[in-house]
Amino acid sequence: MAEAKKPKREKIPRQEMPRQAPKVRRRNFNEVALGYTPELMMLEAKRCLQCKKPKCIEGCPVEVDIPAFILKLQEGDLAGAAVALYADNNLPAICGRVCPQETQCEAVCVLGKKGEPVAIGRLERYVADWKMSQGMEVPDYVADWRISQGTEAPEMRPPGGKRVAVVGSGPAGLTCAADLARYGHQVTMLEALHAPGGVLIYGIPEFRLPKATVHAEVEYVKSLGVELILNCVIGKTLTLDDLFNDGYEAVFLGTGAGLPMFMNIPGENYNGVYSANEFLTRVNLMKGYLFPEWDTPVRIGRRVAVVGGGNVAMDAARCSLRLGADEVFIVYRRSREEMPARAEEAENAEEEGIIFHLLTNPVEIYGDDNGRVRSMKCIQMELGEPDASGRRRPIPIEGSEFDMDVDTVIMALGTRPNPMVFTDAGGLERTRWGTVVADETTGRTTREAVWAGGDIVTGAATVISAMGAGKAAAADMDRYLRDETATWVLEPEPEEEAVQA
Amino acid sequence: MYEILAKEELGTINKLMVIDAPLVARKAQAGQFVIVRVVEEGERIPLTIADFDREKGTITLIFQVVGKSTMHLGLLEVGDELASVTGPLGRPTEIENYGTVVCVGGGVGIAPVYPIARALKEAGNEVLSIIGARTKDLLFWEDKMRSVSDELIVCTDDGSCARKALVTEPLKELCEARKDIACVWGIGPAIMMKFTSLTTKPFGVKTIVSLNSIMVDGTGMCGACRVEVGGKTRFVCVDGPEFDGHEVDWDLLMARQRIYLTEEKRAFDDFKLKCECDSGL
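Those protein sequence lines, which keep their order, are chains A and B. Using the working numbering, read the first sequence as starting at 1 and increasing by one per residue. Using the working numbering, read the second sequence as starting at 1 and increasing by one per residue.
Bound conformation, chain B alone (with noise of 0.2 angstroms):
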């Protein structure tokens, strides 16, 4: 069961894999993620589903390399069955004709935006992109979302390739060159999604924000997920992930996100110490 159909390398530490799950596939909207465990002894964590196919009864997952189970996952090969994935889980977007919106996606952030993007889109808005990363390295699929675009802005922090920019910064000029746009969703790592929604509120346009916190069951049980928004408690995993931005606490937010910094470091450092003595250096 949830065999890896498909493999694809989208830069050094990004990975895109096509999961054999029909029964998600089958249900799965824009917005909505998945809870993996990619071993037995494995976490269960939160990965967004960037496309599916319900003929197939396949999903695809991207993901960066960032830790014990990211790598673990990034070393599995097509054929290789995952322990369990477990969704489509979160409430999907609010898809409708909104007019004119934007979609930001920031470094794999850009994975969650794509099918948010694709379904306004279908729905008939005016869609304006923007996409941006670290460097070239950490960018892909521009040409997915130029296909679901009116409009698609790139950016790199450094300049690698196309406008040496901040996402902020072009977020920025469209707000002042456009009264009129409805709506824009920002979806990225936890800093960027706080200062595009301080972007965009001064000029008082609604902001939703894809929240990544920690989970454990994804289905509402435990809390993990909490978070404040509007000074409210919310559970990420059945409230969300979808909030308004300039609502949530994103200090607290990225405080929570720290809490197991040392065990993942370790848990990381562990693993990668086995890899390399079972690969013989």
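Isolated chain A (complex conformation) (with noise of 0.2 angstroms):
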């Protein structure tokens, strides 16, 4: 080992990720992000100062011990890395590439206050990669592991637990369900789609998010015990109350805000107006990019706009290129600096050529005879006070309407939760946004012994913040079946008055 390890760390800068180059990757639907050679991801390893009190820790919505996995790749054990990150995430793939670290674990790591953080998203990616191009089995040697560490974390129980239905297989329910396994419950996790990963597999395309390494996670979480039913709506093949007959002693709900947002402006059902639901799930779940391989279609005229400045429109518009269109425009009401996209994606969506329109609204969509999208009347915009969001509200400059010559409209507004999993739910409380009222910290419902976390709860928002809630919900769930004398009480809302069931 150097001797002067201390200074020569400072002095290796952050290694960047090797990607496909724009104008290659902007017609594939590879993935863009290569992920690190190993010497790469030795060299960024190394940067790691190993904090006494680490910061990074705090910064993470699952609280990865951050500096635990990146010790070992520094040791060169890199099975010893898997273990240490499997230990608190159990979708580490899936968090090392579509996570938003630059406002987390890297926002409050110590090297990014003189310079740039430790890329830790890129070496969680790299592990976890690892790992599962080894086919490494990690479970048993979790419970070790944290017997190792002293940790306060979770050990494996013995079965014996109760029976538990975990709605929905997205990152919530994912989460949760892995959570509850590995405290000894029986669990079952209800899938409305015929293929597991909610988000994951409808929404993130192919190039941002690759579906073998959801599906691989998905595996993952099944070797620790966890029984999947697919095609299966709650709401209506199954009904909340159904569970509770059927014999299951606790439910989480983790389905997620899928209801696309339409702006219902004229002309918004013209044949080529999609919602971006509609767009990425043709793309993405139903492999629309491989027709006639696959049998579901997508249709992408020649120019096409997609209306809306979050990470979905990003996806949209990136997926509308590799599907063969000339243009690609993002229309958007507010500036830049208000888009809630990841920097990183609306970067890679400019490098591959798509067009911004910022401080644009859209009025009316025009059709021609057959109906189909012909032109789209859109009106600048103009910053004005800050609205309840705490942003600049947009304000339309009058006259100064113009035509925009696009054949395809993609609705990227935001989406908000289906209510198809309030049928017979009795005793589950709504707010008017649709979301389900939830406790912060457990995700308690208003009815006994169901539970509820992520976008259901939040409205739309992060893969990472829905599986900090399935995993707090799925600690609260075990305390509660395992303690005959646990009362149902939801922590009081400091705006709102406590709800006792």
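Hints are computed from structural coordinates only; laboratory data are not their basis. Keep in mind that this is a model prediction, so the values were computed, not measured. Do not rely on the hints blindly, as some may be mistaken.
Here chain A is said to cover these stretches of chain B; the calculated rule only asks that three of the stretch's residues, wherever they fall, bring their Cβ under 8 angstroms from a Cβ of chain A [what the hints assert, rightly or not]:
(1) 14 to 28
(2) 40 to 54
(3) 82 to 88
(4) 95 to 105
(5) 197 to 208
(6) 220 to 226
With a cut-off of at most 20 angstroms between alpha-carbon atoms, the simulated SDA-like pairs for lysine to any residue come out as follows [stated by the list, open to error]:
(7) B:K27 to A:L230
(8) A:K287 to B:D270
(9) B:K27 to A:K287
(10) B:K56 to A:L358
(11) B:K7 to B:E81
(12) B:K172 to B:G99
(13) A:K287 to B:K206
(14) B:K27 to A:Y248
(15) A:K287 to B:R266
(16) B:K232 to A:G267
(17) B:K232 to A:N269
(18) B:K274 to A:L290
(19) B:K272 to A:G426
(20) A:K211 to A:I229
(21) B:K56 to A:D246
(22) B:K265 to A:G301
(23) B:K206 to B:A190
(24) B:K265 to A:R299
(25) B:K27 to A:W294
(26) B:K232 to A:E364
(27) A:K287 to B:E41
(28) B:K27 to A:L290
(29) B:K27 to A:N245
(30) A:K287 to B:T262
(31) B:K121 to B:E81
(32) B:K232 to A:E268
(33) A:K211 to B:V39
(34) A:K23 to A:G35
Each residue gets a CB set at the ideal place from its N, CA and C atoms; glycine is no exception.
Since each chain comes alone in its own frame, lean on the hints to assemble the complex.
Written out as structure tokens, the structure reads:
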């Protein structure tokens, strides 16, 4: 080992992630980020100072012991790194790819104060991918790891736990189910679609999150003993009441926010106007980009307008390019600074040649005689005073209307929870936005023995925050199920009164 | 899972299959549908539930071979399994004792009409039914419809059997003869449902149709199935599939049904060619 180790670490710059070149990647669905080589990984891992009071762990919504797994990397112990990582995070191959680390762990990394933070996400991805490539079995090691670390984290308990239903196999459900299985319960995950993963499988495109990766992470969760039932729609095939009648003793709702929003402007029902949900589901879940080998078509014209400024809008725009559109526009009513999309994804989109029409809002969509989109009238906006969300409110500039020559419009305006799950679900209270009322810390809803987490509680948010909610709920569910004397209490919300069942 | 337990040819292109789907059968009600994938790469397509057996855990699907998915489905045999069956979806028919009702089934629309007519009969309604098709070969379930109706009129467009008429003719006659019709259900191709609604409109008789838009998920998450009813946008899969026929924008529905005609034709032609090659022609 070098004597001048400390100065050497500080001199290593943050290692760039190898990526497909924009001109190449804009026409294929292969993953854009290629992953670190072993050499790049080691250089980056060496940058970590192994702080005595690591800030990064607090920045992580699932509190991954980041220094622990990076230490193993520094020691060249990849298997050890995998165990340390999977001890806290059931889906690291996914997190390493889609988490906004720049606002989480990497935002508080000490190195970031004067230079660039450790590329924690890229290292996480490396370890997870390595583990998958080895076909490494992790579950048994996790228990030993935790015992060896002397942490408070739950150890493997003997089976004989209770029967629990987890509704939804997206990030919240997968995380909750995996932890509950580790706690010793008999978990059944119920998924409405014909493939598991939720937004990981239908929403996030192949070039950001390969479906083989999602599949492998789901297989890992199943290997912990979780049963998966597909094509089961809670609210139709089975209801919440049915689940309890069928013998489940606790239910976690992780059904997400799958209801698409439209603008309700004239012409929105012409052929060629999609919700981002429909477009992305056709492309990702139904593999529309492989038509006709796969049966589901997706029609992209030559000039596509994507309305919205979040990650979903970026995904829809980048998929449109890859499907062969000549020109793709982002139409967003606020400015670049207000765009909620990850900076990295917006930059990727720009590099690929997507044109941003900012401070622009659609007004009306026009169609031809066949009922097909032929153009869209937009109006320019300017920013006024901040609204309730703290962002400056966009105001139309009178007389600034113009026609945009497009033949496809994708509405990526955001989503809300699908109300279907509330059928025959007595006692489950909702807010006026359609989200489930739930305790922020434990995920308890107003109905006894029903927890909820992820987008169904928060509205559309991130994969990792859903995972954090799934994790917290699983811990509370385990406590409740093992305690005969437990009562159903929700913590009072600061502005609202306490709700008791 | 989703094994085909029975198969029946109802004509040259109409087929019936009984599928093992216990969870769906347990909850299925008249007016509902399932979303089916024939194979892993297949499209998700909506098919109405023509019948169900809660004890045996089976559902009956009737479909017409019109494209790649239905052709592929039609080639499967007893013992084969479907890739997935999701349901029951859609809002069930609102069954009450309305008094006197008319049920009109056009072509493959006879399949969804049957369980509705049956449920209405069981609820005590006087059920007057009309079934029709372009030609004799496309008619089916005459006996079953007769068994749940107080009166049954059968017709074919070309007169190859029964009365030569479009279903709208006997419907109009019924509306003229009977002033006590509480409600009409009309299910079949979009154009048939449009004209059924136009026929009843002058008589002011409430008419319910079951819309057959393109769908992907069938659970309200995508909006592929959106239509305009009474000037408002509705999702057929969660707000329907039944709507007031007098309020539906039929032109929009039919335009939206045509969006993938090119891809559908290509897929159908490719599949037919593949089948010919496979069979050594």
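Hints not upheld, ascending by number: 4, 5, 9, 10, 13, 19, 25, 28 and 31
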